[in-house]
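Asker: The chain contents come next:
2 protein chains.
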Amino acid sequence: MVDPALAPALPPEVGAHALEMASTLLQVGAFVVIFLAARLLAEVLVRLQLPTILGELLAGVLIGSSGLRLILPPEAHGVVNQAWLQLIGRLADVPSDQVALLYANSQSILQAVATIGLFALLFLTGLESELDELVAVGGQAASVALAGVLLPFAAGTAGLIALFQVELIPAVFAGASMTATSIGITASVFSELSMLRTREGQIVLGAAVLDDILGIVILAVVVSLASGAELSVGPIVRLLLAAALFVIAALALSRTAAPLFDAVLDRLKASGGVVVAAFVVLMSCCFAATAVGLEAALGAFAAGLILSNSRHSEAIHTAVQPLVSLFATIFFVLIGAGMDLSVLNPADPANRSGLVVAAFLLVVAIAGKVASGWLFLSGEPTNRLVVGLGMMPRGEVGLIFLGLGTAAHLLTPALEAAILLMVIGTTFLAPVLLKLVLSGGEALRDSQAGAG
Amino acid sequence: MVDPALAPALPPEVGAHALEMASTLLQVGAFVVIFLAARLLAEVLVRLQLPTILGELLAGVLIGSSGLRLILPPEAHGVVNQAWLQLIGRLADVPSDQVALLYANSQSILQAVATIGLFALLFLTGLESELDELVAVGGQAASVALAGVLLPFAAGTAGLIALFQVELIPAVFAGASMTATSIGITASVFSELSMLRTREGQIVLGAAVLDDILGIVILAVVVSLASGAELSVGPIVRLLLAAALFVIAALALSRTAAPLFDAVLDRLKASGGVVVAAFVVLMSCCFAATAVGLEAALGAFAAGLILSNSRHSEAIHTAVQPLVSLFATIFFVLIGAGMDLSVLNPADPANRSGLVVAAFLLVVAIAGKVASGWLFLSGEPTNRLVVGLGMMPRGEVGLIFLGLGTAAHLLTPALEAAILLMVIGTTFLAPVLLKLVLSGGEALRDSQAGAG
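Sequence lines, in order, name chains V and F.
If you count by the numbering used here, then the first sequence holds residues 2 to 453, one letter each, in order.
If you count by the numbering used here, then the second sequence holds residues 2 to 453, one letter each, in order.
Simulated from the structure, these hints should not be mistaken for laboratory data.
So the derived label-pair ranges between C-beta atoms look like this:
| # | chain 1 | residue 1 | chain 2 | residue 2 | range |
| --- | --- | --- | --- | --- | --- |
| 1 | V | 143 | F | 82 | 36 to 46 Å |
| 2 | V | 270 | F | 234 | 50 to 60 Å |
| 3 | F | 267 | V | 140 | 39 to 49 Å |
| 4 | F | 140 | V | 269 | 41 to 51 Å |
| 5 | V | 265 | F | 236 | 52 to 62 Å |
| 6 | V | 84 | F | 198 | 39 to 49 Å |
| 7 | F | 91 | V | 270 | 29 to 39 Å |
| 8 | V | 195 | F | 433 | 43 to 53 Å |
| 9 | F | 236 | V | 195 | 48 to 58 Å |
Just a sample of chain V residues kept apart from chain F, beta carbon distances all over 10 Å, derived:
| # | residue |
| --- | --- |
| 10 | 69 |
| 11 | 96 |
| 12 | 101 |
| 13 | 226 |
| 14 | 245 |
| 15 | 248 |
| 16 | 357 |
| 17 | 382 |
All of these numbers come straight from a predicted model, not from anything done at the bench.
Glycine included, each C-beta is placed from N, C-alpha and C at the ideal position.
Please take these sequences and the hints and turn them into a complete structure.
Answerer: Below, the structure written as C-alpha cells:
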C-alpha cells in the first residue's frame with residue numbers, strides 16, 4: 002500500500018518491506034485510534050442523552066488538529082504528533098521523517114474510506130425515505146431550501162460589508178459559506194432520533210438535497226468570482242438543467258426500477274448477491290451524479306430512493322448498516338479532526354477580531370436557517386423549529402467552502418477563523434438543540450403545529 | 002480525495018473542483034467495473050458448479066492488465082486503457098494526461114480497501130474456526146506446512162540449477178516463491194465448499210497460517226540475499242521468537258478474552274456497537290502482528306479466533322459478512338488484474354523458454370504441495386488429497402515474491418514469466434481441482450480415509 006509516487010523520495014537503504022510495514026501500521030493504527038475514540042465518546046454522549054454523532058465529532062476534535070494530532074486531514078494546518086510517528090518508525094525500523102512521508106497517503110486512504118461511509122449513510126437514508134411523502138413535501142422542501150440559502154447569504158454578505166467593512170468578494174464568499182447544509186449530519190441526527198420518516202424529517206431531507214444542488218451552483222459562481230473570470234451564465238444554466246434532469250430521472254427510476262432490480266436479484270445464485278447488487282446501483286448513481294456535475298453523495302441518496310421499493314430493501318438495509326456504523330463514523334471523526342479549535346481562544350489577541358465577526362456570522366447562520374422553517378405553507382401540523390434546526394449544521398460542506406477560500410487567498414485570517422467558528426458552532430449546536438426541542442415534548446410540538 | 006502530492010504537477014487552469022470530480026469518477030467507476038465484472042463471472046462459475054472466487058480472479062484478468070486494462074495495480078506492467086481515461090477526462094473537463102496522474106492514487110485506494118476485505122475475510126475465517134480442533138490438528142498442520150515449504154523449495158531450486166543452468170541466487174528466489182500458500186484463497190474456497198470446519202479444512206487452515214509465518218522468514222532471508230548483505234541469523238531468530246510468542250498469545254487470548262469482550266459489549270449503549278467493537282479487536286490484532294514483524298493478515302485471523310467464543314459471534318458474523326462480500330471481492334479481482342497472461346502465448350518466441358521452465362515449476366509446485374498432504378501421521382480418517390490441494394494456490398503471496406524479485410533485478414524475463422505462470426496455474430487450478438475431488442464424492446473420501 003506504499004504509494005509508488007513516494008518511493009523515489011526514500012533512500013534505498015530502507016527496504017520496501019520496512020516501508021510496507023510502516024504504512025500498514027499507520028493505517029491500521031489510525032483505524033484503532035478512530036474507532037476507540039469515537040466509540041468512547043459516543044457512549045458518553047448516549048448517557049447524556051445526546052446524539053452519538055456529536056460524540057464522533059468530538060472524538061475527531063480530541064484526536065485531530067485541535068487535540069492529539071494523530072489524525073490530521075490534508076487541509077488541516079499543524080504538524081502530526083511526532084511521538085506517534087516515532088513509535089511507528091521504531092516498530093517498523095524506518096526513520097520517523099520517512100514515516101511522515103507515508104502519512105499523507107494514509108490520510109488520503111482514510112478520506113476515501115470515509116467517503117464510502119458517507120455514500121452508505123446517504124444510501125440508507127434514501128432507502129428509508131418514503132418516496133410519496135418526499136414528493137408530497139417537495140414544495141415545502143424547495144421553499145425551505147431556497148429561504149435557507151438566500152437569508153443567510155444576503156444577511157451575512159450585507160452585514161459583513163456594512164458592519165465590518167469587509168470587501169465585496171470576501172464578503173460574498175463568507176456569505177456563500179453560510180448557505181450550505183450538511184446532509185450527512187442532518188440525515189444521521191434524524192435517523193438516530195427516529196425522525197427520518199416523519200413529515201419534518203422528510204421536509205428537511207428534501208430541502209437538504211436541494212440545498213446540496215444549490216450549493217454546487219453557488220460554488221461554481223463563487224469559484225469563477227474568485228478566479229477573477231467573467232461570470233458566465235451558460236455553465237450555470239447547464240448545471241441547473243443537469244440537476245433538474247437528475248432529480249426527475251431519480252424520481253422516475255424510484256417508481257419503476259425496483260421490480261427490475263428484484264428480478265435480477267432473484268436470478269443471482271452466488272452468495273453475497275444482495276449487497277454487491279445494491280453497491281453496483283449505489284456506485285453507478287454516484288458516477289452518474291458526478292458525471293452531470295453534481296455531488297456524488299446525491300447519487301448515493303438517489304440510489305437508496307430507487308431501491309426503497311425493492312422487496313429486498315430490508316436485506317439491503319441489514320447488509321449496508323455495518324458499513325455505516327464503521328465508515329460513516331470515520332467520516333464524522335474526520336470532520337471533527339479538521340476543525341482547529343484554537344481560534345476559539347479569546348486569550349490570544351489575534352483571535353479577538355475574528356471572534357466578534359464569528360459571533361455575528363453564527364447568529365446569522367442560525368437565525369437564517371431557523372427562519373427558513375417558517376417560510377413555507379403547510380396545511381398539515383409541522384414542527385417548524387425542528388425543520389429550521391435540521392437545516393442548521395454546515396459540517397463538511399462549510400469546511401469545503403472554507404478550504405477553497407483559503408486556497409484562493411480570498412480571506413483574511415480573522416474572516417477565516419470566523420467562518421470556521423460559524424461552521425463549528427452550527428455543527429455542534431444542531432444535534433444538541435434538536436434533541437432539546439424534541440425532548441421538550443409534545444407540548445411544544447402542538448403549539449408549533451397550531452402556528453403551521 | 003485528490004492526493005495533495007500531485008497538485009503541484011497540475012497547471013493552475015484546471016480547477017480543484019474538476020480534479021476532485023475526475024478523482025471521484027475514477028474511484029467510483031472502478032468500483033462499478035469491479036463489482037459488475039466479478040458478479041457476472043461469479044454467476045457464470047456458480048452455474049458451472051465451480052467456486053465463485055475463480056470467477057472473481059477471472060474478472061480481474063478480464064478488466065486488468067491482461068484484458069481491458071481498466072484496473073491496473075501499481076506493480077503491473079502496461080498502460081491504462083486510454084479510452085477510459087479520456088471518458089473520465091471529458092466528463093470532468095480535465096485533460097486525460099492529468100487524469101492519468103490521478104489514476105495511481107485511485108489504485109492505491111482500491112488496494113487499501115481490498116486489504117480491509119482480506120482482513121475481514123480472515124477475521125471471519127478465524128471466527129468460524131474451531132479452536133480445539135485447530136489445536137488438535139496442530140502437529141499435522143505443522144508437518145504439512147513444513148513439507149509444503151521444503152519440497153517445492155528444494156526440488157524447484159535444484160531442478161532450475163541442474164536442468165536449466167539457472168544461477169544460484171535466481172534459482173533460490175524462484176524456489177522461495179514456490180513455498181507460499183495464499184491463505185485468503187484457501188480460506189475462501191473452503192468456506193464456500195462448507196469445508197472450513199472439517200478436519201481437512203482445519204489442517205489446511207493451520208498449515209496456511211504457519212506457512213505464512215515461514216513465508217515471512219523466507220522472505221527476510223531472500224531479501225537479505227538479494228541485497229547482497231551478509232546473511233545474519235539474529236533477525237531471523239528474533240522473527241521466529243516473535244512468531245511463536247504471537248501464536249501463543251493468540252491461543253491464550255482465544256481461551257480467555259471472549260468473556261471480557263462480551264462484558265464490554267454488554268455495557269455499550271450506542272448503536273452499531275458490535276461491529277465497531279469487533280473492528281477494534283480486529284485492527285488492534287493487525288497492529289500487533291505487524292509490530293512484531295508478521296503479516297497483518299495473521300492478526301486478522303487471530304482476532305477472529307479470539308472472538309470465536311464470544312456470545313455475540315453470530316451477530317459479529319452477520320455484520321462482517323457484507324464487508325467480505327464487497328471488499329474481499331476487490332482483493333481477489335486485484336490479484337487477477339495483476340496477472341499478465343500474455344506470457345502464456347506460445348506464438349510469441351520470447352515466451353517459449355519461459356513456458357518450458359514454467360511447466361517444470363508448475364509440476365514441482367503442484368506435486369510438492371500435494372505430497373505434503375501425505376507427510377503427516379493421523380489416526381483419524383483424513384482426505385489427504387484435499388489437504389494437499391488446499392495448500393496449492395500461491396495467489397497474492399506468489400505475486401508479492403515475484404514483485405520483489407523483479408524490483409531487485411534478480412530474475413531473467415524468462416524466469417519472471419515462468420514464476421508468474423506457476424502462480425497463475427496453481428491459483429486457478431486449486432479451486433477447480435478441489436471442487437472436482439470433493440464432488441468426486443464419498444467413495445474417494447473413504448478410500449483416502451483407509452489410507453490415512
